[in-house]
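Enquirer: These are the residues of each chain, in order.
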Amino acid sequence: MNDNDLTVRELLTHPQVQGLVNSEDVKRLTHDLDESEASLKDPLYIRVLFGTGAWFSTFFLLIFLAVARVFSDSETAIISGVIFLAAAIYLSKRSQSTFLTQLSLSLAMCGNVSVLIGASELLRTLEFSAVFVAHFIVCVAVYPFYANSIYRFLSPLALSGIAAAWIIAEEAFSFIHLLVAVEVFLAGLLLLHKKPCLFLAPLRYASAVMLPATILFMNLTQVDLWRNNFNEPLWPSSLLLTGSLLFLYWYLTDVSKRRAPWFILTVVSTLLLGVLTTPGVLVAIGLLIIGYAFGDKILTALSYVFIPCFLVLFYYALNIDLAHKSWVIAGSGIVLLVVRWIAGLCLRREVSQ
Amino acid sequence: MGNEADQLNHPALNKKADIGLIRSLHQKGLLSDQAFLSAGAVLRPVSDWFSWARQMLLFLGCALVLAGVVFFFAYNWASIGKFFKFGMIEAGIFICVIAAYKRGRTQLSGKVLLLSGAVLVGVQLAVYGQIYQTGADAFELFVGWSFLILGWVIVSEFAALWLLWLVLLNTGMILYWKQVGDPAYHMPYEFLCLTLFVLNGTGLVLREAGVKRGLEWLNNGWLRSLLFTPLLVVLSIPAIHLILEFDDLEPVRVFAALVWAAAAVGGYLCCRFKFRDMGPLALIVMNTCVVLLTVIGKLLFHGVRFSPVYELLSFSIIILVVVSAAAFWLRRTAAVMADESWEMEP
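Here the protein sequences line up with chains A and B, keeping their order. The C-terminal residue of the first sequence carries number 355 in this note's numbering, and the numbering is unbroken. The C-terminal residue of the second sequence carries number 330 in this note's numbering, and the numbering is unbroken.
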């Protein structure tokens, strides 16, 4: 399943590619590869370290601000928040040193939370609607100017979390399908765009994480500790996710191959799954396919982590009884195994041609 | 022509071509649409998609079927007779094992079938406990489960099954301490931490020995990091406890903390100079940051007489300093290791 072991040179001189790349392209490509070697972005573990450190620092900074009575007054909280955000943007443009990058991230997170607290106090309410609107404004205002991938990833993700919490708090459960629809649309737009800009890369990953996070959150509210009367049927989200998967197959497949037996098998099995299964399984399949199609190990790893978390929470969710759950999950598994069997029987010869 | 040949000889083109890279080049406008599609077809032909799809369908399908079976028996459907329940599960185990034998150990489907059979053994034990209400402690289920599947685990040559076995043993030990060790024998939790360290440490050592002997099925990069994580976490708990309650110097806690320190240093040296693996190195550094910040926090909040307001602000900045230093160290180490790898290449 791994990409063939070719170097870039071997790929460019491959008979199928050679005539399509001229010397000018090779020159620019070489220059870009040379430059990107020199300025490699941080590996994932460094970004996790940064994000975690900044979070803990923000936590103590917020307590400091609370003890210093900055949050006692809504205007002071909002103004401090805006000052922290401005300072974060200034520091990020001024220096790329490790400590100042960390400090700017911590200030940005702290500023963001301060504005939310101030907005809640100003509107004299702790309702999620106020927090959602305030965070949306901050997110939209700060994203273009603050070039920190961790903040740009966490901020939209937090917006989705607040929206989910708002829906659950208001018990307007049908809106969860609207949230899923918005997230599917956003993920589709950003992940499948032919030439997405780097500026939106963290938002792209945030949109990929939002969907499974929303599904997990949906199940979490049904665990005995924290139960709301979520009697909303899941079929609208299943329908939407099935449609998105079908669009994904259509997008990834060449026009000439869309009548091939394997494509028809894929479409039919997805339609069957859409009827049988729960949204979590469809999201897992979508993430796996996108991760493999785009060679994105992060999305693939996300789906591997999501599947067991989803199954555990689904087990404890009380909105569907365990017998029904067992049929849904086992039935989905059987469909997948049958598709595998059919593919092995009928399609192996065609594929090898 | 000569110029073109020179361009193709540039060392930057020695980089491995993958789908992610050519997508990135296409997005930057460095590859035309046609070239991108052709390169994609070369790197990822339909046969690759087919193999990947079959593998994913197998993993996901089996995981969902097994989960469904577990859910079904957890439901404890009263209308199903006990012998029918036993019969269904045992038939499932039998089918999985026979099918695994027929497929063979070398086939992925054979390994996954053996894993499924191993999971069903646990379901069988759980249903047995459900029906007969033996009053046995939960740890006995997990320890018994791991004992019963040991033979299959040994012959499977499948890292995932070994991991499952390790998870079962860990769970059994934790439950033993919780249900018997602590209530009946007042066993300190530090003993549990040390036992888990020995268990997972043995797993890690055996894994490294296996890789050295050429067992390819153990040679997954993520396995080392995955086995390292519980080693560090379980021993850092007594270390942190010792720091927070320094007045209460239990000998076993001091010993556990010393073992943690030795494991962290030894692990760092091994991963840096022998295995040259950044994943576990990063875990060790992060774990050390947590312990170091605990020491600093303890000194700041209980040792130094500052106003609480300034203590909070100072600690917030100290966290950034420590994490920045850790990130700087990891970047530097990665760069040095990359240079050393370059020099070592023929």
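Treat the hints with caution; some may be incorrect.
Unchecked claim - When the alpha-carbon atoms are kept at most 27 Å apart in a straight line, the in silico DSSO-like pairs for lysine-lysine are as follows:
(1) 197(A) <-> 258(B)
(2) 196(A) <-> 12(B)
(3) 29(A) <-> 95(A)
(4) -1(B) <-> 196(A)
(5) 29(A) <-> -1(B)
(6) 29(A) <-> 12(B)
Just so you know, the hints here were simulated from the structure itself, not pulled from any lab data.
Enquirer: Checking each numbered hint in turn, tell me which of them this model violates, lowest number first.
Expert: Failing hints, ascending: 1, 3.
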